[in-house]
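Asker: Using the sequences and the hints, build the whole thing.
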Amino acid sequence: MLTTETRQQIIRPYGDTTGDAMIQLSFTLPVPHGPRAEAAALQLAGKMGLDPVSVVHSKPMGPDFTFFILYGRASHLIDYAGIDVPEGREYPLLTPKQVNLAIRTVLNRRLVVVGACIGTDAHTVGIDAILNVKGFAGEKGLEYYREIQVHNLGAQVEVDVLVRRARELNADAVLVSQVVTQKSAHVHNTKQLAAAFAEQDDPRPLLIVGGPRFDTVTAAELGVDRIFGRGTTPGEVAGYLVHALMPSWRPDE
Amino acid sequence: MLTTETRQQIIRPYGDTTGDAMIQLSFTLPVPHGPRAEAAALQLAGKMGLDPVSVVHSKPMGPDFTFFILYGRASHLIDYAGIDVPEGREYPLLTPKQVNLAIRTVLNRRLVVVGACIGTDAHTVGIDAILNVKGFAGEKGLEYYREIQVHNLGAQVEVDVLVRRARELNADAVLVSQVVTQKSAHVHNTKQLAAAFAEQDDPRPLLIVGGPRFDTVTAAELGVDRIFGRGTTPGEVAGYLVHALMPSWRPDE
Amino acid sequence: MKLGLDPGTVATARRLAARAAEPIIELARTHTTVSVERAVLRLAGITGADADGTPWVNRIVDAVRDQVGLEHGVALPFFDAYEGGAYERDAYKRDLRDLRFRLPTGAAAEKARQKAGRAVRDGIARIDGNRRDRDKRLAEYGDPPMPWIYLIVATGDIYEDIPQAQAAAREGADVIAVIRSTGQSLLDYVPEGATRQGYAGTYATQENFRLMRAALDDVSAELGRYVRLTNYASGLCMPEIAALAGLERLDMMLNDCMYGIIFRDINPIRTFVDQRFSRQIHARAGIVINTGEDNYLTTADAVDAAHTVIVSQLLNERFGHEAGLADRQLGLGHAFEINPALPDSFRMELAHAQLVRELFPDAPLKYMPPTKHMTGNIFAGYLLDAFFNLAGVMTDQSIILVGMMTEGIHTPWLSDRDLALENVRYVRQAVGSLAEDFRPGPFIVGRARQVLAESVDLLARIADDGLLTAIADGTFGVTRRPPDGGRGLDGVVRKADGYHNPATEILDAHD
Amino acid sequence: MKLGLDPGTVATARRLAARAAEPIIELARTHTTVSVERAVLRLAGITGADADGTPWVNRIVDAVRDQVGLEHGVALPFFDAYEGGAYERDAYKRDLRDLRFRLPTGAAAEKARQKAGRAVRDGIARIDGNRRDRDKRLAEYGDPPMPWIYLIVATGDIYEDIPQAQAAAREGADVIAVIRSTGQSLLDYVPEGATRQGYAGTYATQENFRLMRAALDDVSAELGRYVRLTNYASGLCMPEIAALAGLERLDMMLNDCMYGIIFRDINPIRTFVDQRFSRQIHARAGIVINTGEDNYLTTADAVDAAHTVIVSQLLNERFGHEAGLADRQLGLGHAFEINPALPDSFRMELAHAQLVRELFPDAPLKYMPPTKHMTGNIFAGYLLDAFFNLAGVMTDQSIILVGMMTEGIHTPWLSDRDLALENVRYVRQAVGSLAEDFRPGPFIVGRARQVLAESVDLLARIADDGLLTAIADGTFGVTRRPPDGGRGLDGVVRKADGYHNPATEILDAHD
Ligand code: B12
Ligand code: B12
Ligand SMILES: Cc1ncc(COP(=O)(O)O)c(C=O)c1O
Ligand SMILES: Cc1ncc(COP(=O)(O)O)c(C=O)c1O
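Residue numbers (the working numbering), protein chains in the order written: chain L, 1 to 253; chain A, 1 to 253; chain B, 1 to 511; chain Z, 1 to 511.
Think of the hints as simulated: they come from the structure by calculation, not from any bench.
Possibly wrong hints are sitting among the right ones.
[Claimed, not checked] Under the rule of at most 25 angstroms between Cα atoms (straight-line distance), these lysine-lysine pairs were calculated in the PhoX-like manner:
(1) K2(B) to K2(Z)
(2) K372(B) to K59(L)
(3) K47(L) to K47(A)
(4) K134(A) to K47(L)
(5) K495(B) to K111(B)
(6) K372(Z) to K140(L)
(7) K140(L) to K97(L)
(8) K59(L) to K97(L)
Answerer: And the structure:
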């Protein structure tokens, strides 16, 4: 259900008047503070399409770096009408009851989910929020669903260990969390995960990855089935599991 | 005295590693909060040349607006070597004594300066900082210079009044402050000022305009001789007066 | 009462303020101004402007002044000449050109006086009705707890202001102020109609007032919380704008006894006369005034000149009381403007703010955020605003103008306001009744007492030498304004015997 | 002492903590670990790694363990087999392959014991020298006033870390911590050499320590202010890193009795044994330890679990004292982590922080900034950090870790750190001795007493049921860790009779 129609077709940023197109930016340049550094900051802003633009703050940080804050008018237009983003989600949100029913009806056995933080990532709060009964944002986690069997392997799990455990447990879905993103650790680790499962002969389980900073990569690039970002709730994940693993199933109204 | 050589020729913004090119930006889009708005924000950032880029914060402001904070990598390079900005200033800074001596020597009479905030601008603190004895940043203002006669007309002076008074007083230089910049008031007012002086038959006095937000306009565009920005000190202005009105004069070492 | 101020010293300060104010009050009682007279006409229901945009009230007052002088007031000559009945007031527009004015005497005077009285009473009845309306809404919605959150909109375009004001209200603003265009205070007339062309603010017009009031009434109903509206009874048209505020149910008005003199170079006499009349209207309308002492600290140093703020507040209080304002209508202003680079700057701010709180325990103090030391560093600005918010809560201020992190850059954007509100909300919520845990030690107590002592000294000097002399000497805001300088002096007229003003007659009686 | 805590309750809490700690201390005294033994070799001057990067100390300990077991310690077997004289220590590299170990007895044992003792004494002498060197520098420069400003660098590349650390010092940091790469705590060896490849932090290696120490010594001289250096004696190599810290004159070390168990899933026994030895070295080196209670509040709720922080601090204190640490070496950790959306969150933070301050009056408390409730909203983050800084000053904390507005986004950038320092500087400067004006009222006093009471209850339960049981039950950080789970248990060895450790011999004597 994609919506492309919209009242406003072409939009611009808004400062205090429609169409003013004003935005704020800040950055550091590795040059000494002074008029030349300011000119460099203005040049960068110009290349980014800001005109006019104003350096409202510049501050030396030691002898070799300068921090800048700028305000300016963005010359770019945003084709809002052309943005094809799912207005809702491409699958329905289900109640735990509906999810359980779907699994019972279609699979006729419990759905097996294996979760972990891989690599050296020790941030379990996110995956726990999805898996543990306690849940997130008022929704109970997947452990709460009678028809889902959850194996939470915890943090710092090596990829080959995860692959082995998933096979042993006959996992329908593998849920992996990646929170540390410095030097794109999350991307590398996820690709490594996907590659490891691809090497297996068995049909691989559904691969789901989650974490707060996956903005500009796509699931296809990573070789997984789905990415979940900031603020994901367990219910969204449960709904997706049904949608992806039991595509034929439709909830009764 | 322009310096174009530099050790680093091509630079990029610096987050925490040389060459990472990371910057921050924030803006509002006039659309409801949601995934589509986020996609629009990413589109704008993409057009500005950020890749990859991440929406780290998005917040609905009422039903029609969304505020965003993004971080991303700027793809543009800054040609730092190519920036021809005066490393020093194009005229020497003089002591009040030297300024007085220059005026006595070259003009052989007191230099007449007329100052004002024009239009409806009532921000006199800036022009007072330049003109009043009290001065700015530890430097005394032009009133302190024995050979400079200062007429500070105050705020909200209409352009025709200013032109008339300048003529009556035989002004050598007219100093105008413009602080309010909303809807480019400062630019319009200054152009109006320049036009009014241009209409006169007499040779016009030196026209100097100042204020904190003249970043991306040039004196030529405005029709004035010189623009002074944030943090200007009285001494800089005095030095410029000597440089512009008594170009032949050189201070003894 | 945490500072242990000496009640004797406080009483002395008030006594000296009354002495210093007395000659000025006398001046205000014995003079009228073109704007006072125009305000009378506005109360009498004269609205609209000619084809050039000059309001009819200006046309009338100018004509009366030309033909018979203003020293007897505009009411008698106008209502003598003006044939339209009380309920066909717009008739004058057709025939103003033909009106010939005289100063009526005898029965004619009596008839004019009656007509004028009726017309003005109608206007004041509308103001009274608005006041009741406000009270009813407040009773219905309940009044928000103090400190009230006060936010400005300043786009220059009433139709951009409205959604921004509504958005601000939804985000938690208790009071919305529509900033005026830079030039308006120097206009000797009030523009007409809805406007979209202001610089750094939107013109104060009756129609803009009406539009914004209606928009805020809508959002008040939506939120179940009464959102107050503020504008500026300041500048050359102070009395008229006060009248319009009463007629359109504004709730608070910026209105100071000296701001126009110092910051707009308006003539001192003109200002003192105008402010008295405008305050009488505010008193009647139940409007809270906001005084402008905060401004002094943008041109003077907040530490050196701290006592000038106190002195001015005591004068504003005295003038306000004399004009009929109750304590709870005295939104005395002060500001968080100490240079943040000074050691103990925050504790000094606490000393000043607590002093003001204790000197004026019943006044709805209006506390202004940092402006002067706000730079282009929006992070530093956000921080400073947070400490301002904190000082406000710790010293129990009544109305908190919400500071913008972009104060040093531009008039507030939608997002600036949203972030500013998040800031206030966090601070209020997180610190709760931290005032309970705030017991000033020797440093703060000492500083507060010192400022009070300096205030008493200055008041004594002013009481002796005269307030006009003090203003001429640059006592306030380090700006010198001689009594005969500035704009608008030619609009001041000494009242003659038999001067008649149907509005003051009602308003004076009310006290 | 503003909270009026009952001294009897405080004494009870300490008594219960000692009871709860006793069995664990016994465990630590009667066991050794591979890392303790490697630390002994490091103190004895064994450095370097083989071609694959495996440190020689690992190769040696593994070989000894394979051939004769570790229950007598590595010292005797190694120094028995190792022919190189005390001053040609690198000789073992050539012939490690050929070394055959045995457990020497009689004269051979005595000879080995002497050689080992000499070598380790040299290492400890170097640590002692470093301690004197630090004292000399501190005497020369003077120690900065508390709270010390503690900043982290975390680029992953020691050569990027260095300029950032120097910049931070120039901007006012008193303490620089080099965060470790995400994976290091699970490595059962300490990497070698200068490194440029860490994720979200830089490997702790002797060479990195040396490079950073030298860089900070340079900047200390430039600034005339001693800049402290911190790293992590934590994870599977806690004892070795402690030794390296002493050898390279680090000044503070993150070192907790339970952090590795809970947040790195390291085996409890392994951790408790390792922490004791590492603390003995820290005690000797004059290093201040920083404990990790702040971390509990990232997984547990800061209000519900406030008492678990206090309980853990009392345990860390007890273990620390037992290992020879003085009060002024106990940088007990706590954190500003209450959900900012809660009413009175800041006053609750004040209650907790003041409670910790009063319970541990002589400890250089390390106060950690908000992390859990930091989002991508950098303005809200800057604000929260400001209130953290304020709480730090108001409750007289000793070491303030500077919070970054980008905590919810990325490891700190150069500009984040600069802005964060501006924040701290403003707060410290502006509020001065605001603590003087802070007299907790009933709300804060009540909250503090409640947390103390809950702590006593929990300690009583732990003293009865055992600390290992409590950890298994998820008492700390809502994370369950059974005594036989987690990494590194296979590196724990029960000491045999005749176990010999030349380092503990010296360190125990020192107590
Ligand atoms: C809590 C925390 C910790 C705790 C972790 C405890 C634990 N058991 O998890 C402790 C204290 C141990 C810790 C340590 C470190 N941390 Co940490 N930590 C955080 C913190 C404060 C909060 C993270 C969190 O819990 N968020 C709440 C959860 C609910 O949100 P979430 O993870 O985004 O999860 C949601 C979604 O993303 C999604 N989701 C996430 N995973 C998955 C998976 C699936 C399958 C699905 C469907 C959805 C999903 O659903 C969740 C619910 O909506 C952040 C800062 C911050 N405010 O974000 C730093 C942060 C994540 N940590 C960071 C770092 C660097 C570290 C250290 C490496 C520092 C060091 N060198 O010492 C260490 C080592 C950790 C390691 N080896 O990985 C950095 C990462 C920087 C980066 N972008 O690369 C951050 C951002 C702080 C910073 N600015 O430096 N940390
Ligand atoms: C002080 C102040 C006031 C005072 C002015 C008192 C006075 N007598 O000047 C008062 C309180 C009266 C005031 C009122 C208003 N103000 Co005002 N005010 C400020 C404030 C806080 C500081 C300005 C200042 O004094 N800076 C210090 C001086 C020394 O700096 P400067 O002006 O930049 O001058 C230096 C240089 O620029 C240069 N320079 C300046 N002029 C000249 C001239 C020459 C010839 C030379 C050589 C150099 C030079 O040299 C100076 C020394 O280095 C700023 C916010 C801020 N923090 O910047 C808002 C600000 C300037 N005000 C603003 C506004 C909108 C108003 C009002 C219009 C609001 C209203 N509608 O009520 C009113 C009306 C004013 C009017 N009619 O113009 C806006 C302007 C927005 C914009 N960019 O358009 C600002 C930025 C606040 C905001 N964010 O909204 N204001
Ligand atoms: C009392 C008072 N009137 C008016 C104003 C606004 O100025 P203007 O006269 O430009 O409307 C202020 C400024 O804050 C003020 O304090
Ligand atoms: C005591 C202690 N050790 C270590 C760390 C760092 O974690 P890692 O084990 O990944 O180095 C922390 C985290 O802040 C800590 O508090």
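Asker: Run every hint past the structure and note whether it holds.
Answerer: For each hint, the structure was consulted:
no. : hint               : in the structure
1   : K2(B) to K2(Z)     : holds (18 angstroms)
2   : K372(B) to K59(L)  : holds (19 angstroms)
3   : K47(L) to K47(A)   : holds (11 angstroms)
4   : K134(A) to K47(L)  : violated (42 angstroms)
5   : K495(B) to K111(B) : holds (21 angstroms)
6   : K372(Z) to K140(L) : holds (21 angstroms)
7   : K140(L) to K97(L)  : holds (12 angstroms)
8   : K59(L) to K97(L)   : violated (58 angstroms)
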